[in-house]
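> Sequence:
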Amino acid sequence: MRRRHSNRCYVYSLKCKDGFYVGCTDNLEERIEKHRNDHVPGTSKRLPIELDFYVAIPDKYKAFRFEIYLKSGSGLAFINKHLS
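Residue numbering for the sequence shown follows the UniProt record's numbering, starting at 1 and increasing by one per position.
Please keep in mind that the hints were generated in silico from the structure rather than gathered at the bench. Predicted model only: the values in this text are computed from it and were never measured. Be careful, since some hints might not be right.
Simulated pairs of lysine to aspartate or glutamate, EDC-like, Cα-Cα distance not exceeding 16 Å [to be verified]:
id, residue 1, residue 2
1, K60, D26
2, K62, D26
3, K17, D52
4, K17, E50
5, K17, D38
6, K45, D18
7, K15, D52
8, K34, E50
9, K71, D52
10, K15, D38
11, K81, D52
12, K15, E50
13, K15, E33
The whole structure should be built from the sequences, with the hints applied where relevant.
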């Protein structure tokens with residue numbers, strides 16, 4: 001399962017022990033491993049984590065904009081209604 005492409009970014013959501021974490025990366029498998037192995041400060045105290053969903057977006061700028069949206073109030077409502 002290869003989740004890396006030269007121009008593609010992945011916006012992903014993790015279920016944590018206390019809620020959700022949303023992030024963006026160009027290498028999904030590597031990033032998830034870093035989360036699981038306590039190498040990401042944003043989730044280190046929130047383990048265990050589980051991948052909830054991810055979206056592959058071919059444009060890095062659009063991926064970062066989508067990540068920011070998902071972290072907003074309406075974005076979190078979108079996640080709860082459509083993706084979780």
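> Next step is simple, just say for each hint if it's right about the structure.
Cross-check of the supplied hints:
1. K60 x D26: 9 Å, holds
2. K62 x D26: The hint holds at about 13 Å.
3. K17 x D52: Since the Cα atoms of K17 and D52 sit roughly 13 Å apart, the hinted pair holds (cutoff 16 Å).
4. K17 x E50: 9 Å, holds
5. K17 x D38: Answer holds: K17 to D38 is near 14 Å, not above 16 Å.
6. K45 x D18: 10 Å, holds
7. K15 x D52: 6 Å, holds
8. K34 x E50: 12 Å, holds
9. K71 x D52: 15 Å, holds
10. K15 x D38: OK: K15 and D38 at ~15 Å, within 16 Å.
11. K81 x D52: Holds, at roughly 13 Å.
12. K15 x E50: Judged against 16 Å, a Cα distance of about 5 Å means the pair holds.
13. K15 x E33: 14 Å, holds
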